[in-house]
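Participant: Make the full structure from the sequences, and use the hints.
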Amino acid sequence: MKIEVFGPGCHRCIEVEKGVKSALSELNIVADVEKIEDIAKIVDAGIMQTPGLRINGNIKCFGRIPKVEEIKKWILENNIYKPIQKRK
Amino acid sequence: MDKKTISAIGILLFIFAVIIVYEWSGIWKGVKVTMAENKVITAKLLEENKIPVHSFLIYTIIDYAKHSWLCLLLAFIAAGALQEFAPRDKVIKLMGSGRGFTPYAVAGCGGPLLSMCSCSIIPLFGGLYKRGAGLGPAITFLLASPAFNPAAILLTLGLLGWKFAMARIVVAITAGILVGYATDRFFKNRLPEPEPIRIDTKAEGAPQEDQGFGKRLFNMALYSREFVKMVLPLILLGVICAGLVKAFLPPSFIIKYLGNGILPIMLSSAIGVFMYTPTLVEVPLVRGLLESGMGTGAAMAFLLTGPALSLPSILGVCKIVKPRVPAVYAALMWICGTIAGLIFWFFVPKF
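Which chain is which? The protein sequence lines are A and B, in order. If you number the first sequence the way the working numbering does, the last residue is 88 and the count never jumps. If you number the second sequence the way the working numbering does, the last residue is 439 and the count never jumps.
There could be a bad hint or two in this list.
Derived lysine-lysine pairs resembling DSBU-like cross-links, with alpha carbons at most 35 Å apart [stated by the list, open to error]:
id, chain 1, residue 1, chain 2, residue 2
1, B, Lys344, B, Lys218
2, A, Lys2, B, Lys303
3, A, Lys41, B, Lys276
4, B, Lys438, B, Lys181
5, B, Lys410, A, Lys35
6, B, Lys276, B, Lys344
7, B, Lys303, A, Lys35
None of these hints come from the bench; they were simulated from the model. All figures in this text were calculated on a predicted structure; none of them were measured in a lab.
Facilitator: Below, the structure written as structure tokens:
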């Protein structure tokens with residue numbers, strides 16, 4: 001799974017990246033997380049309002065900071081593997 | 089409840105408390121210091137020469153806080169409200185679809201609805217341009233919105249007075265539209281059409297509409313909190329810069345290079361074009377300069393070109409369009425800044 005965070009490097013974009021990382025660690029899923037800071041690439045991706053989030057080539061949200069719960073939902077929708085259940 | 093929930097509720101309560109206290113006691117009127125008095129205090133502090141620099145900085149911070157706390161608070165509320173309630177998708181659509189003058193007007197006046205964070209303006213510019221909104225409106229948006237967002241205007245009102253605030257609104261919109269239109273004319277048929285890009289409409293750009301009003305108010309407080317976290321350190325930086333300017337730059341130096349007259353106005357306009365000024369920092373900085381003798385025209389020129397343009401933003405735009413385009417609009421903006429400064433100086437010769 002490929003997760004891309006778009007943003008030129010301001011406070012809001014860092015917040016999104018943090019959210020993605022904590023969602024991944026909470027779900028116990030490994031994914032490719034990439035932070036894209038090049039403005040030309042952001043524009044070409046069709047993101048007009050940063051920060052933006054793209055999972056497997058689909059833009060999930062832009063112009064706002066999504067909640068960790070939302071990111072979890074998107075990750076689960078796109079994840080082809082079942083999350084590894086932790087044994088109690 | 090997590091930390092965010094608590095702090096959002098805290099902010100809402102704080103806002104209400106402040107409004108109640110303000111209405112009830114009228115403290116605001118008591119602490120108001122006029123500009124002339126302030127100048128005398130500054131001069132006294134400088135003359136005595138005994139005070140160390142750090143206490144001078146503290147004095148500046150307290151002085152500025154006294155003048156701007158209410159406006160700043162309103163600015164934070166306005167920023168949060170815009171982020172939550174502004175119909176951003178509609179504004180973008182309007183900017184991209186109209187013909188003739190409409191997109192320019194929408195870009196000039198509706199720009200502040202779209203973004204509060206100055207670093208998100210360039211992607212929006214690129215998106216507008218590649219989506220076929222035309223070069224002109226995209227540039228108008230790029231230039232007008234940083235100088236004319238509610239937070240900047242409210243802070244200007246608090247620190248520089250209503251004349252500066254009014255002039256800023258008028259000048260930012262006019263200059264933005266003029267420069268955008270002129271650049272568009274200049275590059276008509278000289279630039280290849282941008283290849284259109286696919287915009288994913290399914291993306292959830294805005295939060296769902298079916299949220300209740302209370303929930304949205306709560307979101308607004310969250311956004312305000314985010315904005316405070318982002319902007320307050322920057323403003324503090326601006327105030328410290330202002331304090332340093334007042335403490336170290338002799339007034340004679342500022343009067344010579346940034347005083348009244350055509351040359352100082354041209355110079356400060358040019359400084360504004362190249363210097364990087366983060367959102368809202370320009371206001372305390374300009375106040376510091378004005379207190380040590382900057383001319384009103386030069387101040388207006390800097391307020392127009394400072395936030396709108398900077399070397400980093402020009403370089404960022406170069407990645408999207410040919411470098412000729414930012415070169416042309418930077419030059420036009422410099423001329424506009426000079427003219428605006430001259431006009432403002434004519435009407436308001438003294439601070």
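Participant: All the hints need checking, so say for each whether the structure fits it.
Facilitator: Hint check results:
1. Lys344(B) x Lys218(B): violated (45 Å)
2. Lys2(A) x Lys303(B): Roughly 32 Å separates the two Cα atoms, so the pair holds.
3. Lys41(A) x Lys276(B): holds (25 Å)
4. Lys438(B) x Lys181(B): Since the Cα atoms of Lys438(B) and Lys181(B) sit roughly 43 Å apart, the hinted pair is violated (cutoff 35 Å).
5. Lys410(B) x Lys35(A): Since the Cα atoms of Lys410(B) and Lys35(A) sit roughly 25 Å apart, the hinted pair holds (cutoff 35 Å).
6. Lys276(B) x Lys344(B): violated (42 Å)
7. Lys303(B) x Lys35(A): holds (31 Å)
The structure fails to meet hints 1, 4, 6 from the earlier list, while all remaining hints are met.
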